[in-house]
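Novice: The residues making up each chain are set out below.
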Amino acid sequence: MSGVRVLVGTRKGAFILTADGKRERWEVNGPLFGGWELYHLKGSPVDPNRLYASQSSGWFGQVIQRSSDGGKTWETVGNKFVYDGVPGTHQWYDGTPHPWEFKRVWHLEPSLNDPDTVYAGVEDAALFRTTDGGQNWSEMPGLRGHGSGPHWAPGAGGLCLHTILIDPSNPKRMFIAISAAGAFRTEDGGTTWQPINKGLRSQHIPNPEAEVGHCVHRLAMHRSRPGTLFMQKHWDVMRTDNSGDQWTEVSGNLPTDFGFVIDVHAHQPETIYVVPIKSDSEHYPPDGKLRVFRSRTGGNEWEALTNGLPQKDCYVNVLRDAMSVDSLDTCGIYFGTTGGQVYASPDGGDNWTAIVRDLPPVVSVEAQTLS
Amino acid sequence: MVRVVLPAHLRTLARVGGDEVQVQLNGRPTLRAVLDAIEASYPMLRGAIRDHVTEKRRPFVRFFACEQDLSHELPDTPLPEAVASGAEPFLVVGATAGG
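Line by line, the protein sequences are chains R and C. According to my numbering, the first sequence is numbered sequentially starting from 1. According to my numbering, the second sequence is numbered sequentially starting from 1.
A couple of the hints might just be wrong.
As the list claims (entries may be wrong) - From chain R, some residues computed to sit far from chain C (all C-beta separations above 10 Å):
#: 1; residue: Gly35
#: 2; residue: Asn49
#: 3; residue: Asn79
#: 4; residue: Ser111
#: 5; residue: Ala153
#: 6; residue: His204
#: 7; residue: Pro206
#: 8; residue: Asn253
#: 9; residue: Lys278
What the hints assert, rightly or not - DSS-like, lysine-lysine: derived pairs with alpha carbons at most 25 Å apart:
#: 10; chain 1: R; residue 1: Lys103; chain 2: C; residue 2: Lys56
#: 11; chain 1: R; residue 1: Lys80; chain 2: C; residue 2: Lys56
#: 12; chain 1: R; residue 1: Lys289; chain 2: R; residue 2: Lys312
#: 13; chain 1: R; residue 1: Lys278; chain 2: R; residue 2: Lys289
Keep in mind the hints are simulated off the structure, nothing from the lab. No residue lacks a Cβ here, since even glycine has one placed at the ideal position from N, Cα and C.
So that you can see chain C by itself, here it is in the shape it has in the complex (with noise of 0.2 Å):
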């Protein structure tokens, strides 16, 4: 179980309450497994994380875990055990830009 921590706006989108939600993954997460899981359970996010075709992450989404910026870790790099463990979670970060 990995936990995901979404933007606000994300949630309202997938209708989801509190800060975070919950994802099951088989073996050990990677970047590209856990947005394949949230996109399983919240079909409605597919396209607003990650391109729909290309799978490159949207320029103004960040991914972070562990006080580590993720986002330009290639699609299959392992993610931290504190996070495959559920001691940490999975932060999609919305950039803090515009008006």
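Isolated chain R, as found in the complex (with noise of 0.2 Å):
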């Protein structure tokens, strides 16, 4: 019988979510960890058994745990995260140079093809590879030898690349986003990068319309369109349909385009999924009613999915990595909050119902699907 896995990364532990393929009744394992700060877990797509997690703390630095049975049980693997050659440069807040330092491991992605072969998304922002199941990791460093490096600087989260796309037809290509240094792609497996920022505007930099410096929150990907993808900026919801080449603005009439999650309908591809966050300074809710907002249109039009969610008094927030989906029939939807809780919608956004409510505030979420 098929089922769901909810792989949940919180400020002071992971939990593991699970139900069957009718997400009526769910059972919560955890804390994992306990303490520690799980930025991410994922699963392998190619043997689901195989997860990763990235456990960091600022005392003791940073973890890389892998588990072969689902997260039953974990073994430590490699956390030697060192840059390539001389590291350089980035730019500080306040405009000065400032030494790339390794800080943690935002973002896991595994291979689409192999369980062995992991990528890590990090901050002070680069990427990483691990072909041996992460008992080895080294630095992929085309992306920040691309030259604008020096140029890069970070969001109020720290400079972290957060996201990590492969194309499911061309494994060679790959898109990642950086907080705040903007969207890149690669077509050649990683060896070299383009910044893919064309149409974003930000009126927070010098030159709303740079190459490089705009604070990308999210980007996210229907795998039988792997040449359109969506962008949650700092402000603005964006999309793009020739990979990246250039990017328009779809934020229609959502009430506020800032947030942080952005996700798309298993099986509909023109169907995204949007938090609403009041900024740039409050970071909750609009009115204090959380809302998820979904455009069947590939934006511009959206819709507030309400049924089940706090609609008065609520100012929890929902962090870019905090949003999945299923892809059982009906399609399940899964978002994490700064509250701790965890909700679920397994009707494509209809009704939302709290898996949990009280867990660590929610970092990320991520949905297996389980046959």
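Could you use the hints to bring the two separately framed chains together as a complex?
Specialist: As structure tokens, then:
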């Protein structure tokens, strides 16, 4: 029987939520790695029981955990993330040069065809890869070596590489995004990269249409249309239909076009989801109403999804890696909040229930569809 | 034999019970020799106490022994005789800070 496993990373540990295909009754396991920050957990598309987790703390640094049994047991693997060559500098908040320093792994993206190959997006922004199941990590230096690296500057959350998308039709084509540098694409498996930020407009940088410097919060792709990407930028929801060569704003009638998450329905490539957030400094839902907005037209026309979500006195945030979808026949949507709730909708967003309500602040949510 | 007290999170990471672990050293123990021995016995602690490459102590980690703060000693400074003899433990301490 089919089922779903939801991997939840929080500020104080990881949790694994499981249910059968009905997604009505959930089992909650955790905390795993209690007291540590779990920025991200993700399973291999090839072997769903092969999981990777990024565990870190301000005291003891970075740990990578690996499971080969769906999260029942874990083993530590390599945690040596060393930049290639002389790291150089990026731009600090005050505009001065600042040495590249590894802080943590924000995002782990297992390969589409090899459970031992995983890409890691880190802070300070760089892309690493392992081909031996996490024992050894090597930087893919072409990204920072693109030439614009000295001009990248951190967003409020740090200079983080938070999104890694692999083209299912061409594994040599990948997309990544960095806050606050922008989006980049490789066509040669990560050897060389080019910025893909044309069409973005960011008023908070000296040149609003600069080649790099945009605070991209998240990218999303439907595997059937890898040339179409959706973006939640600091402000603005954007889309491209030519692999990032040109972006177009599709914020439409959203109550605010600021937010962090964006995701795509598993079976409807033009159905997308965002959670609008009030900003620049509040970072909670407008009017105290937690609303997911759905567009069935790939943007511009949005509807509020509210059934089962708090519609008053709600002041949580939904962070950039904290939304995911399953691929069951009726697509399930999941998101976690900084208030510790993980919400699930088994019907594409029409109705929501909280699987759990009182976890530590949720940083990431990844849904696995199990057969 | 040197007795080493690890903070709770590192004991969990290393999968050891009790408050102390013991490491064997040849010759007079130094900070570097003790840390080398800890990491050899518990490879999962590499990078958690000191930097992989520079071997610089992580900022929120301190080293205490015999009621002394040894955190700022040079790596090859001999540890107190009481640590070398096993009478006193060498303490790896996580700073009491944060939320």
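Novice: Honestly, which of those hints from before does the structure not fit?
Specialist: 1 and 3
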